[in-house]
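**Student:** Going line by line, the protein sequences match chains A and B. With the working numbering, the residue at position 8 of the first sequence is 8, and numbering never jumps. With the working numbering, the residue at position 96 of the second sequence is 1096, and numbering never jumps.
No lab work stands behind these hints, which were simulated from the structure alone. In this text, all values refer to a predicted model and were calculated from it rather than measured experimentally. No residue lacks a Cβ here, since even glycine has one placed at the ideal position from N, Cα and C. Every clue listed holds true.
Covered stretches of chain B (in silico footprint by chain A; criterion: 3 or more residues with CB under 8 angstroms from a CB of chain A, positions within the stretch not fixed):
{"id": "1", "stretch": "1044-1053"}
{"id": "2", "stretch": "1086-1096"}
{"id": "3", "stretch": "1108-1116"}
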Amino acid sequence: AQKVTQAQTEISVVEKEDVTLDCVYETRDTTYYLFWYKQPPSGELVFLIRRNSFDEQNEISGRYSWNFQKSTSSFNFTITASQVVDSAVYFCALRYNFNKFYFGSGTKLNVKP
Amino acid sequence: GAVVSQHPSWVICKSGTSVKIECRSLDFQATTMFWYRQFPKQSLMLMATSNEGSKATYEQGVEKDKFLINHASLTLSTLTVTSAHPEDSSFYICSALLIISNTEAFFGQGTRLTVV
Chain A
1 AQKVTQAQTE
11 ISVVEKEDVT
21 LDCVYETRDT
31 TYYLFWYKQP
41 PSGELVFLIR
51 RNSFDEQNEI
61 SGRYSWNFQK
71 STSSFNFTIT
81 ASQVVDSAVY
91 FCALRYNFNK
101 FYFGSGTKLN
111 VKP
Chain B
1001 GAVVSQHPSW
1011 VICKSGTSVK
1021 IECRSLDFQA
1031 TTMFWYRQFP
1041 KQSLMLMATS
1051 NEGSKATYEQ
1061 GVEKDKFLIN
1071 HASLTLSTLT
1081 VTSAHPEDSS
1091 FYICSALLII
1101 SNTEAFFGQG
1111 TRLTVV
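With the rest of the complex left out, here is chain B (with noise of 0.2 angstroms):
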């Protein structure tokens, strides 16, 4: 089956750095991607699409150079938390589409994110 794997799967850094989280779809190529984000005991939230080769298109309310994202590549789509604070702290998983079929989508493992 389709695999889609984040990296890293959790990561703990300071208040005001950057740190960059990977979504790769490992056998499979994928035009889009999706970003979630998941507070502690909440639901998922989508945050943004990310497009192969364009810019990504982001929901409301979701500050986009903030949380920078790059899909440079059919497998590849990078998430970047900007200047990183402790509200930042929280579960993002991304998924993928299915380029052939453009009808499936997998979900990565998740990156649990600690801002301290």
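Looking at chain A on its own, in the form it has when it is part of the complex (with noise of 0.2 angstroms):
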């Protein structure tokens, strides 16, 4: 059975913190693909990053981060020098099955000014 817990159900920080997102997921698959989306209240599901099961290779773009360890089946997001617009619910993703996605209960991130 395919599983992603995000425990952190909502986090509050100020402008210019860093904060990271943590996600850990279950799977019997040998091969799977994790994700990140940001949910804005507009609705859309905005595509942040995508990593196969065999790329353990953390991943910088620009002030967002991914720390993948397959040992510890974590996937952590981390945003440095937040800012107003990173607020938003943050889910975590895997992909199983033929392209289905099971999701995490998401973690809405508030950043204040």
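Each chain sits in its own coordinate frame; assemble them with the hints.
**Tutor:** The following block contains the structure:
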């Protein structure tokens, strides 16, 4: 069975603070993909990153960085120097079984000025 | 990049009526599309897999007679919520699978349904 756990329901930070969103997953598949999506109040899902199970290299994209560790089944997401525009709900997702997505429960990030 | 468009973006309907939501892949063909549902402040849950030219596959607990899915062409899947009730009010979002690679799925912008 697939499972994605985002233990942090809601996080509030002050602008310019760094923040890490946690994601822990479970799957029996040896090949799988992990994703992070941003969902602003308008509702659409904004793709942030995809990582396959064979690539454990950490990735940095501007203020965003991701730490993938298979040993702990974690795929954490860090925003450096957060901004008000980063306020949104962030979903971690596991893609399995021919492109079905299993989403975590989401973490609502509030960045205050 | 690949674009998936949903229409309408939001809809309000009366209890007992049916409402149709369209999901279109604008610049690519998709043999497979997926429909998700998101209740307020909750996660997205897969409802069904829509396959072009064949019957949709529903996830456990999803009523197929309530949520009719039609995938008549390689660029269009529709979800019809029949005899809608207030508890059907939700955010519905589709994703389309890129036919060439079958490895990438793209999400629509979602449809917010309110049943009054």
